[in-house]
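Enquirer: Kindly generate the complete structure, drawing on both the sequences and the hints.
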Amino acid sequence: MKLLKLVPDNTNIHFLKWRVPFYVVSVLLIVASLTLTFTRGLNLGVDFVGGQMIRFTFERTATAPIASVRGEIDKLGFGEPTIQEFGKPNQLSIRMRLPEGSEKDPAIAERMSAKIVAAVQAAHPDARLDGNDTVSGKVSGELFSSGMVALLAAMVAISIYIWVRFEWQFGVGALFALVHDVSLTLGLFALTQLEFDLNIVAALLTLIGYSLNDTIVVYDRIRENMKKYRRMPMPELLDLSVNETLSRTIVTSLSVLITLVALLLLGPDVIFGFTLAITFGIFVGTYSSIYMAAPILIWLKVNASSFIPQESEIDRQERLARERS
Amino acid sequence: MLDFPRWKRVTYWLVALLCAFAAIPSLTSIAGVNLPSVIPQPKVNLGLDLAGGSRLLLEADASQVRRQRIEAMEESVRQRLRDAQPRIRIGDISSRDGNLSFVVENPVQVDATREQILPLTTGAGLTGQRDWDIKVEDGNRFILTPTDAGINQAIDHAMETAIEVVRKRIDALGTREPDIRRLGSSRIDVQVPGLKDPRALIELLGKTAKLEFKLVDETAAPSDVVQGIAPPGSEIVACVDAGACRGQPAIAVKRLGGIKGDQLTNAVQSNDQRTNAAVVSITFDQQGGAKFAKLTTENVNKPFAIILDGKVLSAPNINEPILGGSAQISGSFTIESANQLAIALRSGALPVDLKVVEQRTVGPDLGADSIKKGAIAMLVGTVALMAFILVTYGRFGVYANVALVINVLMILGVMAIANTTLTLPGIAGFVLTIGAAVDANVLINERIREERARGRRVVQAVEMGYKEASRAIFDANITNVIAAILMFLFGSGPIRGFAVVLMIGIVTSVFTAVNLTRMWVAMWLRKARPTELVL
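In the order they appear, the protein sequences are chains Y and H. Here the numbering used here is used: position 165 in the first sequence is 165, and no number is missing along the way. Here the numbering used here is used: position 492 in the second sequence is 492, and no number is missing along the way.
Mixed in with the good hints, there may be bad ones.
Said to hold, decoys possible - Here are the simulated DSS-like pairs of lysine-lysine, each with C-alpha atoms no more than 25 Å apart in a straight line:
{"id": "1", "chain 1": "Y", "residue 1": "5", "chain 2": "H", "residue 2": "294"}
{"id": "2", "chain 1": "H", "residue 1": "527", "chain 2": "H", "residue 2": "467"}
{"id": "3", "chain 1": "H", "residue 1": "527", "chain 2": "Y", "residue 2": "2"}
What the hints assert, rightly or not - Which chain Y residues stay away from chain H? Per the calculated CB distances, all over 12 Å, these:
{"id": "4", "residue": "23"}
{"id": "5", "residue": "34"}
{"id": "6", "residue": "35"}
{"id": "7", "residue": "56"}
{"id": "8", "residue": "129"}
{"id": "9", "residue": "192"}
{"id": "10", "residue": "298"}
{"id": "11", "residue": "300"}
{"id": "12", "residue": "301"}
Just so you know, the hints here were simulated from the structure itself, not pulled from any lab data. This structure is a prediction, so every number in the text was calculated from the model and none was measured. Just so it is clear, CB atoms sit at the ideal spot from N, CA and C, and this is done for glycine as well.
Expert: Below is the structure:
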């Protein structure tokens, strides 16, 4: 049986020849993503800003009647709703600020949502109520801060682990790659204005873990080759390591993508944003482990001696004594 | 490498098959088949986002517990010093700044006072920790400060009672299998599967249901009451609506001499015999009934206020002594709100106010839709992935694929045994774990290919492949565990479900993708003794 071979044996692609331009582009992309995230802002869901979110599916129409729903809610006089498509074209989410006084008496918020649901269902009998979330300002603040803490803690903890298992330069490289992946994903959400909720934070944590898979595989090979070829110049050694692991990188990325694409196309609509974030993250993660994590080792001057057992002081004196005698 | 002792083989198979069998009840229940109930059936719980239902996060006002404690202490100190022989007179009592302070009028009695109140300040627990710190300033001013240990114990106690009350109230609504648990120090997480409209529940839990009967102070001038000024010994209480107190926004009631409505044996919604309005009929226990009889006998033809959670519901006249131990609470009720109040009174008062700080409800149709689509995506994704692995690695791909199927069953099985909850992000975690689990096999197989290309013989190439790849597999999985643990620690609800799936998946995938395939490869090598590998 002839097996499928996506990557031929003994490839010798000079990945790191273009490291400077790639780095410049990547850094620019990181800056652009972060700028976009902070200027345009993320479309934060009720998880993070508090408020009320009501979700409907319109079972007998192809597209949700957004304008009409907006009109119905305006008539109730609770303030300006944020209405957007959710999952599929015939599903929508309505987001409202919590009414005055609802921090004290949550029943006020429930009465508001009851009126909105009644008004929408009166105008559109096919509207199926899918969900109704109310998050107070206090809880949303906590969810936001704990989400951010989790993200930062994961990035730092993983980098420290890499530092302990390899060398500090590798830890820096891994951290840099992670910053790259997270920033670009945030940029994607700022650009598309897809809703950014708790699930997306989980997606970011996941992609941190998986993007690092690639980085570790490449790093592991670099470490191995540094022990093997002590005199090989770093750029050449990095190229060799990336080439040797290329077949694995491609096959694994494809494997994960196959399942993710199935989830994206056939999976539950509610987690579309979540799946999209992870899929995007797999792409940028694969790229970053080759073009972000590896070249930084050259600039941070990793050398082969890092992985060769160092001669201890006692050994040295014994050797000198032996040489003298 | 080829040496796989029998005990090891048996253990591997036992672990794999036991975990995989535990998945069967979950699978059949999703498919809608019922197994005979004689065999044990661990099942994966479905989260609210899949099963539909409501989740409420309730927060207790911890400062209220502190306030109540100081009030109760004031009462005890007064009582104790009044009953002391000789009586100890105190003045300038204040309960500001989170402590209780008072002045002993006769400085000679300072030591006697300390002796009297000392028993009130030791904790009830066995730890011997004090509940209160006593300090004497300026010779005769006592300052009692509740200790943190005492406050925490009081909060614990209040929360335990609150959870009981919440459970009773939810049961009274007729909902099934609520999951109620304490979260942190002052929060309660309530999950009610299948509850579509949480409004009634929120209204019900929002009621503390502290019922009081107090005499109306008729000497108070209406102009003073409007300004919030009460005669000495009285206090101003707001009315729920204008109808409650004959058009007035608030009335003055006497602070002392009232009774509390916590000694009830029953409360039901009924209708007033004359006006046919909705009312709540309450029945006191013997002690409460006696107190109520005394109050009404001594105050015939005077109005008294029925106060619920600090607001006057109504202020009817006592027309005749009420001796039978039962009474009617009137107010501007609808049948629904009277019924709610009856439930709240039956289940007892909450020891502390609870506020809903987060509420999430998912419709049952959306959840069912998500399960169906998740299952289809998983099936299609897995089959496509297995086909890809098969054409890429041939025989070794078959091993990887069998390991993958066992892995899926093991994750489900372990989740069922550990009684964990599958959430919507959890389904995504499942699919992702499947994709990532083959990474271990990819690493191993690629390494074997490389070692063969370098001219190693089959057995050595396979051995090197497993050995060299293990390092990277180990490091990569540790980083994923770190991410999953942080997700679990900082995440809430569905995210935790996702983190749990990831963690279980990491452990089982290393077992199936590394240990199991290694056993199969070793057995094949020993039997077939191939000199060439198709890889």
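Enquirer: If a hint holds in the structure, say so; if it doesn't, say that too.
Expert: Now for the hints, and whether the structure bears them out:
no.	hint	result
1	Y:5 - H:294	95 Å, violated
2	H:527 - H:467	22 Å, holds
3	H:527 - Y:2	23 Å, holds
4	23	24 Å, holds
5	34	22 Å, holds
6	35	27 Å, holds
7	56	9 Å, violated
8	129	5 Å, violated
9	192	19 Å, holds
10	298	21 Å, holds
11	300	20 Å, holds
12	301	23 Å, holds
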